[in-house]
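Trainee: Work out the full structure, taking the sequences as your base and the hints as a guide.
Protein chains: 2
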Amino acid sequence: MRAPAVHAGIDLGGTSIHAAAVQAGTILAEAGCKTATGREPEAVVEQIAGLVDELRQAVGDATPLEGVCVGAPGGVDPVAGIVHHAPNLGWSDFRLADALTARTKLPVVVENDVTLGAIGEHVYGAGRGTRHLVALFVGTGVGGALVVNGAPLRGFRGGAGEVGHLVAIPGGRVCGCGRSGCFEAYASRTAMEAMIRERMAEGRKSVVPKIMKKKGKSRMSSSVFEAALDRRDPLMTEVLAEAQSHLATLVANLVNTVDPEMVVFGGGLVARLGARFVDPIARQARPAFLIQEGAERIRIVPAELGDHSATIGAAVVAVQRLGG
Amino acid sequence: MRAPAVHAGIDLGGTSIHAAAVQAGTILAEAGCKTATGREPEAVVEQIAGLVDELRQAVGDATPLEGVCVGAPGGVDPVAGIVHHAPNLGWSDFRLADALTARTKLPVVVENDVTLGAIGEHVYGAGRGTRHLVALFVGTGVGGALVVNGAPLRGFRGGAGEVGHLVAIPGGRVCGCGRSGCFEAYASRTAMEAMIRERMAEGRKSVVPKIMKKKGKSRMSSSVFEAALDRRDPLMTEVLAEAQSHLATLVANLVNTVDPEMVVFGGGLVARLGARFVDPIARQARPAFLIQEGAERIRIVPAELGDHSATIGAAVVAVQRLGG
Numbered sequence: 001m002r003a004p005a006v007h008a009g010i011d012l013g014g015t016s017i018h019a020a021a022v023q024a025g026t027i028l029a030e031a032g033c034k035t036a037t038g039r040e041p042e043a044v045v046e047q048i049a050g051l052v053d054e055l056r057q058a059v060g061d062a063t064p065l066e067g068v069c070v071g072a073p074g075g076v077d078p079v080a081g082i083v084h085h086a087p088n089l090g091w092s093d094f095r096l097a098d099a100l101t102a103r104t105k106l107p108v109v110v111e112n113d114v115t116l117g118a119i120g121e122h123v124y125g126a127g128r129g130t131r132h133l134v135a136l137f138v139g140t141g142v143g144g145a146l147v148v149n150g151a152p153l154r155g156f157r158g159g160a161g162e163v164g165h166l167v168a169i170p171g172g173r174v175c176g177c178g179r180s181g182c183f184e185a186y187a188s189r190t191a192m193e194a195m196i197r198e199r200m201a202e203g204r205k206s207v208v209p210k211i212m213k214k215k216g217k218s219r220m221s222s223s224v225f226e227a228a229l230d231r232r233d234p235l236m237t238e239v240l241a242e243a244q245s246h247l248a249t250l251v252a253n254l255v256n257t258v259d260p261e262m263v264v265f266g267g268g269l270v271a272r273l274g275a276r277f278v279d280p281i282a283r284q285a286r287p288a289f290l291i292q293e294g295a296e297r298i299r300i301v302p303a304e305l306g307d308h309s310a311t312i313g314a315a316v317v318a319v320q321r322l323g324g
Numbered sequence: 001m002r003a004p005a006v007h008a009g010i011d012l013g014g015t016s017i018h019a020a021a022v023q024a025g026t027i028l029a030e031a032g033c034k035t036a037t038g039r040e041p042e043a044v045v046e047q048i049a050g051l052v053d054e055l056r057q058a059v060g061d062a063t064p065l066e067g068v069c070v071g072a073p074g075g076v077d078p079v080a081g082i083v084h085h086a087p088n089l090g091w092s093d094f095r096l097a098d099a100l101t102a103r104t105k106l107p108v109v110v111e112n113d114v115t116l117g118a119i120g121e122h123v124y125g126a127g128r129g130t131r132h133l134v135a136l137f138v139g140t141g142v143g144g145a146l147v148v149n150g151a152p153l154r155g156f157r158g159g160a161g162e163v164g165h166l167v168a169i170p171g172g173r174v175c176g177c178g179r180s181g182c183f184e185a186y187a188s189r190t191a192m193e194a195m196i197r198e199r200m201a202e203g204r205k206s207v208v209p210k211i212m213k214k215k216g217k218s219r220m221s222s223s224v225f226e227a228a229l230d231r232r233d234p235l236m237t238e239v240l241a242e243a244q245s246h247l248a249t250l251v252a253n254l255v256n257t258v259d260p261e262m263v264v265f266g267g268g269l270v271a272r273l274g275a276r277f278v279d280p281i282a283r284q285a286r287p288a289f290l291i292q293e294g295a296e297r298i299r300i301v302p303a304e305l306g307d308h309s310a311t312i313g314a315a316v317v318a319v320q321r322l323g324g
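Line by line, the protein sequences give chains A and B.
Heads up: the first sequence at position 222 corresponds to 222 in our numbering, and the numbers run straight through without jumps.
Heads up: the second sequence at position 166 corresponds to 166 in our numbering, and the numbers run straight through without jumps.
Since the hints were made in silico from the structure, they are not lab data.
Here a beta-carbon is modelled for each residue, glycine too, at the ideal position from N, C-alpha and C.
Honestly, I wouldn't trust all of these hints.
Ranges of calculated distance between the beta carbons of each label pair, as one might list FRET restraints [claimed, not checked]: (1) R95(B) / L229(A): 49 to 55 Å; (2) L28(A) / E304(B): 54 to 60 Å; (3) D98(A) / G129(B): 31 to 37 Å; (4) E42(A) / G306(B): 22 to 28 Å; (5) R297(A) / G306(B): 37 to 43 Å; (6) E304(B) / G32(A): 42 to 48 Å; (7) E296(B) / V79(A): 18 to 24 Å.
Chain A regions said to be covered by chain B (calculated; three or more residues, Cβ under 8 Å) [claimed, not checked]: (8) 156–167; (9) 245–253; (10) 258–269; (11) 293–300.
Just a few of them, taken from the derived set where beta-carbon distance is under 7 Å, the chain B residues facing chain A [as the list claims (entries may be wrong)]: (12) A160; (13) I291; (14) Q292.
Mentor: Here's what the structure looks like:
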């Protein structure tokens, strides 16, 4: 029996690109970079190809990379390898798989990044062995993916799992999607940052600007959130609690819809805050499950693979589609 | 090849019981009665057995009933034939299948009534040939059921599809489930009746009481709703429009979660109002689908089997579990 194949899993984001050489769920090597300013498809393909080269050299000739799976932030055609619509990259209908194969001489498959995160957690992370799973990723947006009967649910048009756009408050805050009152407009990292800025503009005090300056950050990164919480900043604590309260309603909505065994939270902020992020959500969500019998058996937990959910999930999909 | 088996499908509600002898999706005979006052399990079993006898006589000896499937309004154990929890009947942990088999000498299976309604519409009604389907039944409550990859989704604890208890308005109207702001608290027939009564108590005028008196009804039945709408009663029109607006949000929430090919609306009120009930919901829901590509291919329609969704679905389940 030969050793399991090694694939490159790529987590392509609007801000940064993470790459990992993965063998049977284990990361052999990592590489990464900031996404090219402008995010032109050709420049980004060049960046990904460079990361794949780095991984190749890191794992050596004894275990060659057999293929690549890229997780893109948006709608994809997984069969044709096309990124249809990725607002955070400004891409539409880009034939990513063809372009990257031309450059790397490797077979390339493409999938939605959140779907890959859910698959990573389902196969190798917190959700191992679950039959029905909901994954929620909190970051620039609130992304979601569902695993039903052991397989990712895509839906009729590939539109399943867009649960950040369920309605939290009818006619509420304007969301990045252009609609009003979506959960994403209250509970994404971006939304929390906006709410903190708005309340400071109204005269509220916060240590956040000082922390950002000290860390040399222009945005409220996960590390800024954590530092402000560690210093018990009232405004940060309040905004996080509001986001958690909305996420509790979202969790209850999803439990009352699909009744999963597990709701797993991922993304950079969750990787950093862990139980401090998830436990208050779980506490508030549970009383809102319509069926209380057996409710304690539904686990609400942080992702186990941290920042690697999507790259490891990408390698799982590479094995499924390319063999290995 | 022998003819397809004939089964008795029973739709057991808190108000009435409908029964039908069904062969391959076709109703051969019907029977029904008001649910016994008090709803004691033994009395209700006697009633169902009586209806089964009526059906037997109606279909004759040439096509004997081969089994019974009862749809109960609540949580069931379909394998053991137990009704665990049926608030509208006041039942808990009643071994319905055993009791009814003892009385009818027929094999009996039990299922949730809303699940049966969805199965009926999926196999023989509006949803024929769909892979992913959401069914919503508007009545005493707002019940839901999901078909995913061609099969009903039960979830981890049998709790999937309880979408009437997604949150419409955080902290809003008190729901029958004891929580606040559920869609059911705004959009069930019961909720609409309550809102009309509240607004009349505040001094609003309506033709509804006059219509109820004329029809000899103590509750606002579907026929009362229809008569008031036909007479363009402003209060009835307003309350229905509010319910439809909430149901549009619920539909969008479900499309953004599971991306079905079809959302089918059933229940007595929908059977009566048809497109007048469903079309305004569809119009308001569509702009709130996150993914607009292909959105026009998602059908939002009234049930085709009318009041028979659940009895026909019951016969489908009888065939699946008992053979035929």
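Trainee: Taking the hints in turn, state whether each one holds.
Mentor: The hints, checked one at a time:
no., hint, in the structure
1, R95(B) / L229(A): 49 to 55 Å, "holds (53 Å)"
2, L28(A) / E304(B): 54 to 60 Å, "holds (56 Å)"
3, D98(A) / G129(B): 31 to 37 Å, "holds (34 Å)"
4, E42(A) / G306(B): 22 to 28 Å, "violated (58 Å)"
5, R297(A) / G306(B): 37 to 43 Å, "holds (38 Å)"
6, E304(B) / G32(A): 42 to 48 Å, "violated (54 Å)"
7, E296(B) / V79(A): 18 to 24 Å, "holds (23 Å)"
8, 156–167, "holds (count 11)"
9, 245–253, "holds (count 3)"
10, 258–269, "holds (count 4)"
11, 293–300, "holds (count 5)"
12, A160, "holds (4 Å)"
13, I291, "holds (4 Å)"
14, Q292, "violated (9 Å)"
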